[in-house]
Amino acid sequence: MLRFLVRRLLGALAVLLAVSFFTFVMLELAPGDAADTLVGETASAEQMAAIRSSMGLDLPLLVRYSNFLTAAVFDGDLGHSVISGRPVGTLVAERFKYTFVLAVTAMSVAVAVGGLAGAVAAARPRGWFDLLVMGFMTLGQALPTFWIALLMILVFGLHLRWLPVLGAGTPQHLILPTIALALPAAAVVARLVRASLLDVKGADYVRTARAKGLGPVTVWGRHLLPNSLMPVITLIGLYLGQMLGGAFVIETIFGWPGLGRLLVQAVFDRDLPVVLGSVLLIAVIVVFLNVLVDVVHALLDPRIGHEAV
Amino acid sequence: MTVRIEPGLHQGEQAQASLGRGLRRVRTRQRRGLMWALQRLNLTVGGLLIGTLLLTALFAPLLAVASPDAIAPASRFQPPGLAHPFGTDGLGRDLFSRVVYGARTALQMAVPAVMIGSFAGIILGLLAGYYCGTLDQILSRMMDAWLALPGLLLAIVFVALLGPSLQTTVIALGLVGIPGYYRMVRNGTLSAREMLYVEAARTLGLGDGRILLRHILPNLTSPLVVLITLRLGTVILAGGALSFIGLGAQPPTPEWGALLASGRDSMDRAWWVAFFPGMAITASVMGFNLLGDGLRDLLAPEMAQEYRTHAGADEDEGRS
Numbered sequence: 007m008l009r010f011l012v013r014r015l016l017g018a019l020a021v022l023l024a025v026s027f028f029t030f031v032m033l034e035l036a037p038g039d040a041a042d043t044l045v046g047e048t049a050s051a052e053q054m055a056a057i058r059s060s061m062g063l064d065l066p067l068l069v070r071y072s073n074f075l076t077a078a079v080f081d082g083d084l085g086h087s088v089i090s091g092r093p094v095g096t097l098v099a100e101r102f103k104y105t106f107v108l109a110v111t112a113m114s115v116a117v118a119v120g121g122l123a124g125a126v127a128a129a130r131p132r133g134w135f136d137l138l139v140m141g142f143m144t145l146g147q148a149l150p151t152f153w154i155a156l157l158m159i160l161v162f163g164l165h166l167r168w169l170p171v172l173g174a175g176t177p178q179h180l181i182l183p184t185i186a187l188a189l190p191a192a193a194v195v196a197r198l199v200r201a202s203l204l205d206v207k208g209a210d211y212v213r214t215a216r217a218k219g220l221g222p223v224t225v226w227g228r229h230l231l232p233n234s235l236m237p238v239i240t241l242i243g244l245y246l247g248q249m250l251g252g253a254f255v256i257e258t259i260f261g262w263p264g265l266g267r268l269l270v271q272a273v274f275d276r277d278l279p280v281v282l283g284s285v286l287l288i289a290v291i292v293v294f295l296n297v298l299v300d301v302v303h304a305l306l307d308p309r310i311g312h313e314a315v
Numbered sequence: 011m012t013v014r015i016e017p018g019l020h021q022g023e024q025a026q027a028s029l030g031r032g033l034r035r036v037r038t039r040q041r042r043g044l045m046w047a048l049q050r051l052n053l054t055v056g057g058l059l060i061g062t063l064l065l066t067a068l069f070a071p072l073l074a075v076a077s078p079d080a081i082a083p084a085s086r087f088q089p090p091g092l093a094h095p096f097g098t099d100g101l102g103r104d105l106f107s108r109v110v111y112g113a114r115t116a117l118q119m120a121v122p123a124v125m126i127g128s129f130a131g132i133i134l135g136l137l138a139g140y141y142c143g144t145l146d147q148i149l150s151r152m153m154d155a156w157l158a159l160p161g162l163l164l165a166i167v168f169v170a171l172l173g174p175s176l177q178t179t180v181i182a183l184g185l186v187g188i189p190g191y192y193r194m195v196r197n198g199t200l201s202a203r204e205m206l207y208v209e210a211a212r213t214l215g216l217g218d219g220r221i222l223l224r225h226i227l228p229n230l231t232s233p234l235v236v237l238i239t240l241r242l243g244t245v246i247l248a249g250g251a252l253s254f255i256g257l258g259a260q261p262p263t264p265e266w267g268a269l270l271a272s273g274r275d276s277m278d279r280a281w282w283v284a285f286f287p288g289m290a291i292t293a294s295v296m297g298f299n300l301l302g303d304g305l306r307d308l309l310a311p312e313m314a315q316e317y318r319t320h321a322g323a324d325e326d327e328g329r330s
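Protein chains in written order, with our numbering: chain P, 7 to 315; chain W, 11 to 330.
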């Protein structure tokens with residue numbers, strides 16, 4: 007188990023190193039650097055050169071990358087925003103709190119609603135509820151969240167005036183973004199829970215459990231659910247990564263001051279240090295969430311940890 | 011279903027109970043027939059939706075009631091009616107025509123993006139799967155790192171690099187798709203290279219290139235067709251999302267996501283601008299999803315388990 011964990015963590019570090027390098031190099035390739043964004047076109051060539059050397063922009067690429075990396079890892083220093091001049095680390099941390107709240111709320115709602123719907127649908131496959139759930143799943147996978155968001159703003163915000171549609175602050179602000187984010191996730195969770203329950207339902211050990219005379223509660227609670235949980239946990243991990251990685255679109259629509267909105271705004275402003283910082287934070291979150299999913303898998307299924315993975 | 015004798019019922023009631031069960035059984039069978047039809051319906055409905063999309067894109071000039079860019083200040087925010095089936099926007103442009111031309115934009119975005127991604131993914135996957143070893147190790151690790159990030163995030167990094175435009179969206183979404191094709195082709199090639207027919211081709215002295223392109227690749231066609239179909243829907247969704255937040259196709263391009271974004275500010279006066287383009291996206295994406303599902307059941311049933319679960323999570327660019 008320990009070896010497994012160490013291997014996974016080392017793999018994660020390698021991935022992060024690769025991601026940071028590629029992102030850094032790609033953003034360096036972007037036309038116009040931080041000095042351009044800072045002073046614009048008014049500065050003379052000498053002034054530009056002076057600013058560049060003061061910002062360390064005239065050093066070779068690899069040197070700048072290793073400088074950036076050492077500062078980031080050892081001092082938590084991700085540089086400064088070109089626009090506001092504030093440290094990127096602080097900016098990103100502030101925004102992450104909002105993203106975290108939204109993602110965790112939306113994921114909980116999606117798991118509760120989707121899990122329940124999937125389980126009820128699987129209890130009577132091909133019953134009317136199953137058909138309903140399957141229809142909803144097909145629709146849910148094709149509906150653009152930004153459109154659902156717009157329609158909800160239209161109905162609940164503008165016409166009924168029940169809920170605020172922009173910004174954050176009160177719990178009511180959380181409702182619409184949560185629904186928009188949770189709806190498609192719930193559809194996928196329902197689909198997976200249903201499929202994996204049906205899969206497990208036909209298994210020999212379930213028949214054995216029934217034949218032993220165990221009641222439905224024990225069969226479901228002790229045998230069906232734990233075994234059908236694995237793919238669902240993977241899905242939750244992946245999805246949570248996506249949501250924590252910044253729900254760009256939903257955050258932009260609802261003016262939710264999270265990481266995704268920060269990144270989108272930074273792209274508009276060509277504020278490359280902020281882009282780099284947010285991308286790296288997102289990468290760290292997603293990669294470690296994947297490791298966490300692997301660990302939970304290994305804990306639930308002892309077979310995994312012992313494999314030479 | 012076994013025949014049960016309900017205790018405490020007289021014979022007539024007994025018969026009625028059994029008749030009731032029989033009816034229920036018939037109804038169940040009907041429902042089962044409906045399910046079966048629904049499964050085949052995937053293909054039919056998906057095909058119809060995508061056929062409509064293609065025809066709309068092809069005959070856009072004939073279908074449109076006005077030029078999609080014709081500005082008419084006098085008829086701003088006309089509600090849907092006979093003259094303007096979907097109403098008009100804040101510049102008096104006919105929304106129906108813009109949505110119709112949007113079908114062209116959607117395909118102009120999705121088709122080249124999928125071509126870029128599948129071409130690169132297939133070539134790299136064939137090489138990695140066939141030559142294994144170091145090349146496979148390096149490429150597979152790179153693809154893992156690629157996949158570790160949410161798809162839309164990578165696309166946004168490309169936009170940060172190249173500036174927002176329709177071309178950037180195509181390139182970004184194309185590159186984002188590479189690992190999906192890579193994984194499928196690499197795994198397929200890896201198992202195919204041990205097969206007898208590849209062995210035979212090698213014994214005949216055929217070159218590696220010929221074996222890869224003429225013998226191995228054709229055997230991967232079915233799953234690839236399915237993946238490409240599903241991917242077309244994903245790209246339309248993701249492209250719409252990018253354009254919606256202003257990082258994709260720029261106005262006045264008639265792109266569905268951009269149209270929705272433009273309807274946002276006038277929603278309180280003109281709901282239709284924020285409504286109809288969304289219908290078009292949903293119908294197209296659902297069309298490609300259903301068509302992909304249907305093709306999968308038909309051509310590559312072995313993909314069912316794996317690809318459904320994946321399509322849920324890591325193909326999820328348009329949603330978050």
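Hints in this document: simulated from the structure, not taken from any laboratory.
Fair warning: this is a prediction, and the values are worked out from it, not measured in the lab.
Glycine is no exception: its CB is placed at the ideal position from the N, C-alpha and C atoms.
Be a bit skeptical, because a hint or two may be false.
[Stated by the list, open to error] Derived coverage of chain P by chain W (criterion: at least 3 residues anywhere in the stretch with Cβ under 8 angstroms from a Cβ of chain W; other residues may be distant):
{"no.": "1", "region": "148-158"}
{"no.": "2", "region": "220-234"}
{"no.": "3", "region": "269-277"}
{"no.": "4", "region": "280-292"}
[As the list claims (entries may be wrong)] If you only want the chain W side, here are some residues facing chain P, beta carbon under 7 angstroms, derived:
{"no.": "5", "residue": "Y140"}
{"no.": "6", "residue": "L159"}
{"no.": "7", "residue": "L163"}
{"no.": "8", "residue": "V169"}
{"no.": "9", "residue": "I255"}
Original post:
Which of the numbered hints above does this structure break?
Top reply: The structure breaks hints 2, 5; every other hint is satisfied.
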